[in-house]
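Colleague: If you're matching positions, the sequence shown starts at 2 in this note's numbering and goes up one per residue.
Mixed in with the good hints, there may be bad ones.
[To be verified] Here are the simulated DSBU-like cross-link-like pairs (lysine-lysine), alpha carbons at most 35 Å apart as the crow flies:
#	residue 1	residue 2
1	LYS284	LYS365
2	LYS356	LYS229
3	LYS287	LYS356
4	LYS260	LYS356
[As the list claims (entries may be wrong)] Here are the computed distance ranges between Cβ atoms for each label pair:
#	residue 1	residue 2	range
5	VAL202	ALA60	18 to 28 Å
6	THR169	GLN403	22 to 32 Å
7	ASN245	ARG55	49 to 59 Å
8	ASN270	THR184	20 to 30 Å
Since the hints were derived computationally from the structure, they do not count as laboratory data.
Just so it is clear, CB atoms sit at the ideal spot from N, CA and C, and this is done for glycine as well.
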Amino acid sequence: MNKMIKIKKAMVAFAAVLAMSLMLLPSVKADAAVTVLAAPKDAKQTISTETAVRVSWSAVPGATAYVYSYSSDNKTYTGEAMTGNGGKDTFINVAGANWAAGNTYYVKVRAFDGTKYSEAVVATVATAPKAPATMTQVAADNASATVSWAASTGATGYLIRFGATQATAKDIQVVKTTSVKLTGLSADSAYYLAVYPIRQVTTSFYASENCVENPRVLTTAPAVKGLKLASWDVKSNIVTLQWNNTAKYENGYQIEIYKADNKLVKTYNIYGRRAKSKTFILKSVKNTPFQYRVRTYTFMNGEKQYGAWSDLAYAIPQANVSAAKVSNNAVKLSWTKVPGAKNYTVYRATKEGGKFKKVATTKKAAYTVKNLKTYKDYYFYVKANRVSIGGKKRNSTKLDEQNDIYVYIQKYDNSVTTD
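Could you build all of it, start to finish, from the sequences and the hints given here?
Modeller: Structure representation (structure tokens):
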């Protein structure tokens, strides 16, 4: 009986203590809601140099500062620091210890309201690669140019900025290789090119700072125009070819000489800008029709880049004429045959610089001119006709007075004076 009374007294005491404890606990309804500080949003890289980055984010309501640190492996973070300005600054400039150009790093950011921290967010960032050490134009034609450059460590691509001048240049493309072919250009023109190595580790930003430049990317000249046979002394075989020189950026010219059967017999290279003629003596074309063409060249990376060839032009010599007295009123003109000529036309003038008139046309390599007068000046030349060259029948053109033969007949002299 006494034992039961003791148990009841103990239970009453426990209940009293429990009730008192419950009275001391705060009511759930009376509790204020727990405030959770939001993590920064949209943390991303916005600026890069070769050794530093800027990370920006959206402001967090209630934040009085932001705490950040950085890492090279997204595991171990160092350099923890806090922004100032009462939480108004929503960006940081970070230059990590021993950061190098063209690398990937990580920046962790947390909001802070004076008593508690938010969850951290991590921004993947990259430092800008160093500019390529060299750039070289390696090829060109009259509508395109190809440029290559040294690789930049850490670059994932190269931004191409291109235009007629530096002031008008625009970003036109990103390439993955260390060369670019620029097309749709104007002939014989100079352009500005800059190549920026980039490192892209997110879809929203690529790191880039410095570039390598070439302010003189060139195209080659268009086809040379105005080719002509300026002179051909058939006795000495001295030939002069001419063409129009309109190129602005050429370093020289190349000339190819072909026989009438299209066999290449000689190539001449003329170094120097503004050339517009070539004089030569070439045994293989002596008194023989030939073809020729001309193009410019420009040195790029020590190699010649050639402009477009001109159309083929044609050179047909006048006949090389000699004269012999037949009588006091006649001379026989003889000449070396011009290969391919179907016939020849003899022309005569009666004074130096006078107008030549046709005397006769013959298929032979000689002709006797009659009805001349003694002690009178005569001048003759012979034109080769219907020479087959370049798919057409062509005639020689009178070019030089030195190809004319001067005739002066004296009664008591069996020879004639010639010049």
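Colleague: Now tell me if each hint is right for this structure.
Modeller: For each hint, the structure was consulted:
no.	hint	result
1	LYS284 / LYS365	holds (24 Å)
2	LYS356 / LYS229	holds (23 Å)
3	LYS287 / LYS356	holds (28 Å)
4	LYS260 / LYS356	holds (32 Å)
5	VAL202 / ALA60: 18 to 28 Å	holds (25 Å)
6	THR169 / GLN403: 22 to 32 Å	violated (55 Å)
7	ASN245 / ARG55: 49 to 59 Å	holds (57 Å)
8	ASN270 / THR184: 20 to 30 Å	holds (28 Å)
Figure legend: structure checked against the earlier numbered hints; the only hint not met is number 6.
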